[in-house]
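Construct the complete structure from the given sequences, taking the supplied hints into account.
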Amino acid sequence: MVFAQSKAAKQVEEAVNMYARAMIDANITVLRSIADKDLTYGHSGGHVEGKEEFLKKIETGQSDFVTMDITNQKIFMHKKTAIVRHHIECITNDNNKPGTVSLDVMTVWQKKSGIWIMIARQAVKPKI
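When we follow my numbering, the leftmost residue of the sequence shown carries the number 186, and every step to the right adds one.
None of these hints come from the bench; they were simulated from the model.
Please read all numbers here as calculations on a predicted model, not as lab measurements.
The reader is advised that the hints may include incorrect statements.
[Stated by the list, open to error] Derived CB-CB ranges, DEER-like:
{"hint": "1", "residue 1": "Arg-206", "residue 2": "Met-291", "range": "14 to 24 angstroms"}
{"hint": "2", "residue 1": "Val-251", "residue 2": "Val-309", "range": "20 to 30 angstroms"}
{"hint": "3", "residue 1": "Lys-192", "residue 2": "Lys-282", "range": "20 to 30 angstroms"}
[Claimed, not checked] Computed list of lysine-lysine pairs in DSS-like fashion (alpha-carbon distance at most 27 angstroms, straight line):
{"hint": "4", "residue 1": "Lys-195", "residue 2": "Lys-297"}
{"hint": "5", "residue 1": "Lys-297", "residue 2": "Lys-222"}
{"hint": "6", "residue 1": "Lys-265", "residue 2": "Lys-296"}
Heads up, the beta-carbon is just placed ideally off N, CA and C, and yes, glycines get one too.
Printed below as a string of structure tokens:
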């Protein structure tokens, strides 16, 4: 669900979808291109990574997404910055160990040189 149906909001939605596909495919080239150099990537357990640590975990399979289903997405636009909230249900294979993940996620995107770049991500375990 996108509250703002602007062209910018649609571009952000495309960037989120590109990010999800790149996570599933472990496409480091795409992830590197859409992650800000100063990315702060927070996990539900409290660990926070920078860009290079985040990319290394994907590249080595320490963090491996088999599927990523995004629901309840809301995009809030603020000029050249977007806040995206959604829920994800994932099948994972971290370090070749099958598992599942259910998280509420917030990402922050900023338009730089005409491209939407993720500058922050924070996941939390949903309240039941």
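A quick look at each hint next to the structure:
1. In this structure, Arg-206 and Met-291 meet the distance hint of 14 to 24 angstroms, their C-beta atoms being roughly 20 angstroms apart.
2. Between Val-251 and Val-309, the C-beta spacing of about 22 angstroms keeps the proposed range 20 to 30 angstroms intact.
3. As the Cβ distance of Lys-192 to Lys-282 is approximately 42 angstroms, the hint placing it in 20 to 30 angstroms is violated.
4. Between Lys-195 and Lys-297 the alpha-carbon distance is near 16 angstroms, which keeps this suggested pair within the 27 angstroms criterion.
5. For a cut-off of 27 angstroms, the pair hint linking Lys-297 to Lys-222 stands: about 12 angstroms separates their Cα positions.
6. About 5 angstroms separates the Cα atoms of Lys-265 and Lys-296, which keeps this hinted pair within 27 angstroms; it holds.
Hint 3 from the list above is the single one not met by this structure.
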